[in-house]
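Visitor: Chain by chain, the residues:
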Amino acid sequence: MMTNPRELIDGYFDDRLTVEQHEALSEWIKANPENARIFANATLLHDRLRNTFAIVDEVHSNVTLPREGRENASNVTLALPREDKGFLFWRTTAAAAVLIAGLATLWFSVGTSTASAAIRELDRIIVNSMRSKDRTYEIVVEDIATDRRGKGPESQRPPKPPLDGATLHVRSGNQFVLLRKTQQGLPFITGSNGKQSWSINTRGPVRVSSDIHRFDHDLPGHETSVPLTNLHEGLQQLKYAYDLTFSTLGPEEYRPQDGHEARLLIAVKKPKERGPQRVEIVYDSITGGVMRVRFVQMPYGPDRLDLRLSLLSEEELPANFFEHTSHHAPDRKVETED
Amino acid sequence: MDEQYQQAIRYWTLAQPVVSAYVAAVVRDFRDRDDVLQSISVAVLESFASYDTTRPFVAWAMGIARNQIGTYLRERKRNRLVFDAETIDTLSIAFEQVESEQNRKLDLLQECLSKLEGRARHLCELRYQNDLKPSSIASLLGMTPNTVAKSLQRVRDQLRQCIDRRAALDGGQS
Chain U
1 MMTNPRELID GYFDDRLTVE QHEALSEWIK ANPENARIFA NATLLHDRLR
51 NTFAIVDEVH SNVTLPREGR ENASNVTLAL PREDKGFLFW RTTAAAAVLI
101 AGLATLWFSV GTSTASAAIR ELDRIIVNSM RSKDRTYEIV VEDIATDRRG
151 KGPESQRPPK PPLDGATLHV RSGNQFVLLR KTQQGLPFIT GSNGKQSWSI
201 NTRGPVRVSS DIHRFDHDLP GHETSVPLTN LHEGLQQLKY AYDLTFSTLG
251 PEEYRPQDGH EARLLIAVKK PKERGPQRVE IVYDSITGGV MRVRFVQMPY
301 GPDRLDLRLS LLSEEELPAN FFEHTSHHAP DRKVETED
Chain S
339 MDEQYQQAIR YWTLAQPVVS AYVAAVVRDF RDRDDVLQSI SVAVLESFAS
389 YDTTRPFVAW AMGIARNQIG TYLRERKRNR LVFDAETIDT LSIAFEQVES
439 EQNRKLDLLQ ECLSKLEGRA RHLCELRYQN DLKPSSIASL LGMTPNTVAK
489 SLQRVRDQLR QCIDRRAALD GGQS
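Chains as they are written, first to last, in our numbering: chain U, 1 to 338; chain S, 339 to 512.
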């Protein structure tokens, strides 16, 4: 006979309580706010356990049958008496994302549990990316395709500074520093402290603007809401403009360390949406931290780039690192624009 | 993307674990929980324009969750194994007060799960991945339902202790 509260709580989670025990638990919760708090904390763990294992199930099953199809399939292939597969949870986050785009009806007509689980994983990645951690990425351009039609406005503009070999430092709150070299091999640095943006070229004054997007035209992705310098914003865009799937990576690509497995989330652009054709995110299955992002056919002026960002470090940078003054000589002329 | 939509999804992404747990506290069946949470997501995002940003978002979302849970329970009013309105309100307040730190600590769960081996791990998989109740697990493993329930209780205790230990260690290092 269960009498102590901890047993009643666990019995409740596992559907083992009699009516009398259920009433006893209810009375215990109401008796004291501290009791309610203990119950709430226990439920957080119980709920997180379910979500965690449901994701594992989705990753490894990699099946995209609708719910009814899955149930039928499992009746054939599984000996286990599955009482409730609970795959619908992931539709919740799918619903949220799709509402954002005003496309709920469309989503539910095509959504699958795997896609929804992928959105749930994307949520974890987004939450991780929102944390105040400094991150440094190396940028490698794998391929450049130029739009040879040359009729767009971008084709009239001067060539963009190359990105291959660039280093990108990011901090939450729209702060970044992007260090790269011009085609002449001279340093070219752009950045933002979250309140001002700035651009430092070898020649001419340091340009500073209160518009934090003032110098974005020299950054890929800004035209399509997938800015390279603000992964968090780009990840939000993936939630509604892309179809998501995911899988694990083989040990030849990433060696698991201390139980940390690398997972691959693949986002493919929906028709009529703007942005890179495909985005591949390699992330830590435990922390949700982004280890590598690969953009395929990312618009950059008249070009389409295949490029990847690889995490170099998560070491804290100096507090003033995202100020322009940290990146040029003190006697440089500074020109402030509106 | 519209700034308001971005804000809505940002807030909802952060609030969802707590709201999800609140729903799970009242709606035990995982599938039903998923359906209720889905309707809450829809309602939260549809009515986001009416959210007063000077108020805590979790409390506002919890209000919507209470309404959706109320609708769910009205359809099941004959079930005696559901909490009464007063208990649900008490829980709502408790979940609103869940500290973000408490919620964040649960990010360490995956790490603690990775250290779980053997029967403990298998029990967790059967309970949470296959969604089997102790009686079904017992018949699969040749145990009594009571032993399974006790073992699950122990596993959850172990995980809770592991999370607390890891959190204390992380806190001490920062």
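Any given hint could turn out to be false.
[To be verified] Below 20 Å or equal to it, Euclidean Cα-Cα: the simulated SDA-like pairs (lysine to any residue) are:
| # | chain 1 | residue 1 | chain 2 | residue 2 |
| --- | --- | --- | --- | --- |
| 1 | S | Lys471 | S | Gly456 |
| 2 | U | Lys133 | S | Glu434 |
| 3 | U | Lys272 | U | Ala319 |
| 4 | U | Lys30 | S | Glu424 |
| 5 | U | Lys181 | U | Glu7 |
| 6 | U | Lys195 | S | Ala423 |
| 7 | S | Lys471 | U | Pro302 |
| 8 | S | Lys453 | S | Gly401 |
| 9 | U | Lys30 | S | Val436 |
| 10 | U | Lys30 | S | Gly456 |
| 11 | S | Lys488 | U | Lys333 |
| 12 | S | Lys488 | U | Pro5 |
| 13 | S | Lys471 | U | Pro227 |
| 14 | S | Lys488 | S | Val436 |
| 15 | U | Lys133 | S | Leu446 |
| 16 | U | Lys160 | U | Gly194 |
| 17 | U | Lys333 | U | Arg214 |
| 18 | U | Lys160 | U | Arg308 |
| 19 | U | Lys333 | U | Lys133 |
| 20 | U | Lys195 | U | Pro5 |
| 21 | S | Lys488 | U | Arg207 |
| 22 | U | Lys30 | S | Gln345 |
| 23 | U | Lys30 | S | Leu507 |
| 24 | U | Lys30 | S | Glu434 |
| 25 | U | Lys160 | U | Glu138 |
| 26 | U | Lys133 | S | Lys453 |
| 27 | S | Lys471 | U | His213 |
| 28 | S | Lys453 | U | Phe53 |
Keep in mind that the hints were calculated from the coordinates and are not lab data.
Visitor: Each hint should be assessed against the structure and marked as holding or not.
Guide: Right, here's what the structure says about each hint:
1. Lys471/S - Gly456/S: 19 Å, holds
2. Lys133/U - Glu434/S: 27 Å, violated
3. Lys272/U - Ala319/U: 41 Å, violated
4. Lys30/U - Glu424/S: It holds: about 7 Å lies between the C-alpha atoms, which stays within 20 Å.
5. Lys181/U - Glu7/U: Roughly 64 Å separates the two Cα atoms, so the pair is violated.
6. Lys195/U - Ala423/S: 48 Å, violated
7. Lys471/S - Pro302/U: 58 Å, violated
8. Lys453/S - Gly401/S: Violated, because 38 Å separates the two Cα atoms, which is more than 20 Å.
9. Lys30/U - Val436/S: Holds: Lys30/U and Val436/S sit about 17 Å apart, inside 20 Å.
10. Lys30/U - Gly456/S: Distance of about 38 Å is beyond 20 Å: violated.
11. Lys488/S - Lys333/U: 72 Å, violated
12. Lys488/S - Pro5/U: Distance ~14 Å between Lys488/S and Pro5/U Cα, so the pair holds.
13. Lys471/S - Pro227/U: Status violated; Cα separation ~46 Å.
14. Lys488/S - Val436/S: 27 Å, violated
15. Lys133/U - Leu446/S: Holds, at about 17 Å.
16. Lys160/U - Gly194/U: This hinted pair is violated, its Cα atoms lying about 23 Å apart.
17. Lys333/U - Arg214/U: The hint holds at about 19 Å.
18. Lys160/U - Arg308/U: 18 Å, holds
19. Lys333/U - Lys133/U: Cα-Cα ~31 Å, so violated.
20. Lys195/U - Pro5/U: 52 Å, violated
21. Lys488/S - Arg207/U: 67 Å, violated
22. Lys30/U - Gln345/S: It is violated: about 35 Å lies between the C-alpha atoms, which goes past 20 Å.
23. Lys30/U - Leu507/S: The hint is violated at about 34 Å.
24. Lys30/U - Glu434/S: 16 Å, holds
25. Lys160/U - Glu138/U: At roughly 18 Å apart (the allowed maximum being 20 Å), Glu138/U and Lys160/U satisfy the hint.
26. Lys133/U - Lys453/S: With a Cα-Cα distance of about 26 Å, the restraint between Lys133/U and Lys453/S is violated, given a limit of 20 Å.
27. Lys471/S - His213/U: Violated, because 54 Å separates the two Cα atoms, which is more than 20 Å.
28. Lys453/S - Phe53/U: This hinted pair holds, its Cα atoms lying about 15 Å apart.
Checked against the numbered hints given earlier, the structure breaks hints 2, 3, 5, 6, 7, 8, 10, 11, 13, 14, 16, 19, 20, 21, 22, 23, 26 and 27 and satisfies all the rest.
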